[in-house]
Amino acid sequence: MTLNSESVIVNVGPQHPSTHGVMRLRVAFDGELVTDAEMVIGYLHRGSEKLAEERTFTQVVTLTDRMDYVASMTNNQAYILAVEKLAGIEPTPRGVWLRMISAELQRIVSHLVAVGFLLQDLGAMGTPLMYTMREREDVLDLFELLCGARITNSYHRPSGVFQDAPDEFWPRLELFMANMPGRIDEYEQLISGNEIILSRMRGVGVIQPDMMINASITGPMLRAGGVDWDLRHRQPYEYYDRVQFDRPIMDESDNYSRYLVRVYEMRESLKILRQCIDQIEPGPARDADVPFVIRPPEGDAYVPIEGPKGELGFYLVSDGGISPYRCKVRPPSLINLTLLREMVIGLPMAAMIVTFGTVDINMGEVDR
Amino acid sequence: MIGMGLMRGLAVTMKTAIRGPVTVQYPDRRVGLLGAAREADLSFFRFLVRRPKDAVKAVAGFATVEAKIVQGTRFRGQDFNWYEERCTGCASCAKFCPLGIIKIETSPSGKLQQEGEVFNIDVFDIDIGRCMFCGICVEVCPYDALHMGSGFERGQYERKNLVITVEELKAKKKTPSTWFRPQQEAAGYNPHSGEDRPWTEAGRHEQPGDKKLTERWVDER
Chain G
1 MTLNSESVIV NVGPQHPSTH GVMRLRVAFD GELVTDAEMV IGYLHRGSEK
51 LAEERTFTQV VTLTDRMDYV ASMTNNQAYI LAVEKLAGIE PTPRGVWLRM
101 ISAELQRIVS HLVAVGFLLQ DLGAMGTPLM YTMREREDVL DLFELLCGAR
151 ITNSYHRPSG VFQDAPDEFW PRLELFMANM PGRIDEYEQL ISGNEIILSR
201 MRGVGVIQPD MMINASITGP MLRAGGVDWD LRHRQPYEYY DRVQFDRPIM
251 DESDNYSRYL VRVYEMRESL KILRQCIDQI EPGPARDADV PFVIRPPEGD
301 AYVPIEGPKG ELGFYLVSDG GISPYRCKVR PPSLINLTLL REMVIGLPMA
351 AMIVTFGTVD INMGEVDR
Chain L
1 MIGMGLMRGL AVTMKTAIRG PVTVQYPDRR VGLLGAAREA DLSFFRFLVR
51 RPKDAVKAVA GFATVEAKIV QGTRFRGQDF NWYEERCTGC ASCAKFCPLG
101 IIKIETSPSG KLQQEGEVFN IDVFDIDIGR CMFCGICVEV CPYDALHMGS
151 GFERGQYERK NLVITVEELK AKKKTPSTWF RPQQEAAGYN PHSGEDRPWT
201 EAGRHEQPGD KKLTERWVDE R
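As they're listed, the protein sequences go chains G and L.
Numbered per our numbering, the first sequence spans residues 1 to 368.
Numbered per our numbering, the second sequence spans residues 1 to 221.
Think of the hints as simulated: they come from the structure by calculation, not from any bench.
The structure presented is a predicted model; accordingly, all values stated were derived computationally and were not measured.
Careful: at least some of the hints might be erroneous.
Listed next, with one range per pair, are the computed distances between beta-carbon atoms [claimed, not checked]:
1. K271(G) <-> L10(L): 26 to 36 Å
2. D141(G) <-> R30(L): 49 to 59 Å
3. E168(L) <-> I213(G): 53 to 63 Å
Interface residues of chain L toward chain G, partial, derived using beta-carbon atoms under 8 Å [to be verified]:
4. R74
5. R76
6. C134
No residue lacks a Cβ here, since even glycine has one placed at the ideal position from N, Cα and C.
Build the full structure now, drawing on both the sequences and the hints.
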């Protein structure tokens, strides 16, 4: 005997904790299985790209903080690299090392948030999220020492960073580096072998690598599908060609491998941090001759970096004035979401939420 | 074996349960009887004998101490610090504020005219209700007159109370943040110590109208 069922359309969000911000998913269900999904975005649109056109090049740094607000440092870094390419500014070596240190710390934070909230999506209310937030707090304290703010850093400036790290920063960083591997072991002990998590995440939300490449999906999501694509390795920016690190690649392309890639990348970030601390050289953290108001020559520049969520790029056009003529962001979150429909069709409701979580999006970046 | 992964996870939870808490019970945390005695700087028995009322309070769980949050000296806080002696009224801060929330009105004073004149500041309003604490106003200040604050407890019931006026800035005890002020950091100044920082020690270079500055400017011409 078969039951006749009608498909039901459910709105998930916009105000829903599992949508990681303000996003609406219109999902058609047949019974418990998803038959169609459509995402409705734009609730957090603040017009950052337009606002950038009436701010000077340095003032735009404050806008980039608010795009991906769990990874402000990498946003600052991508924007500043684009400005430096546009204006032909040569950064000071110490400034570059400090930028790399802050960006790698930020990558750890972003992956911690991704892992913690993924478990929250799985229904593990509180506990794993609190563990990851505990370590995130350590990094945010480090950021507070560096630049006086925890989330909206605005630390990077053309030609380096705005101020050298204070003396008390380095012992605190060493302490964090000493603690962190043990803490990552704890997450793995808590999560990686858990049978409930294995049964709910293995083989769920599978997407083929060629589809991901066609949709220009980047970041941990692509590397979980077996594609060796990391811009830090392929097109080294800053001093990433002077550090050695492994690129974790998984083949399964399911939710579990996306989670594992993030955990392994945290360890690689620690490795990079260690090499940065060893190689950092004394000197000015910023070129004092670079003025606050920059007038780049006419032209355009696009610089992609490997953000925590994928390829993060800023495209800047200058007409020779003090502010960008056009500023366009390539947000990894938005582009990684494009295949969400293909990923969730056929999954039950609970697995759909988890799949959505492993994409690791940030609505501030999707809508800008 | 099925179930081992769960057990290993629970072991982590148990390990964390016996570790100390990492959270800070802001704004104040409860101290028990022993903690209250330690706070009063008395031995346990003396505390019981000499201050029985407080001891009862402590047992009932009402004895609290202020929970201090450790902050960096560069913390970009809400209460801006402004030195009228250093300010010339050039309005660089107002010009470079990305949100345009600083309002300055000046009138000519006739002082130091050949150096570009020091103006009287009649209005200096910072609307921190719209401020995003990027600190660019501090970064561009050529005379180190404006500094970020070090505090964050400025909750108000009305929006209009969030505007910092020139009188408030003048009357305020100066605890400037060391954000973008490397000279303060080099001097080892910690704004959270509560020490009032005089204007003569806050700047990175000569104050406007300094004799040395005048001489240098004349020489360069």
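Numbered hints the structure breaks, given as an ascending list = 2
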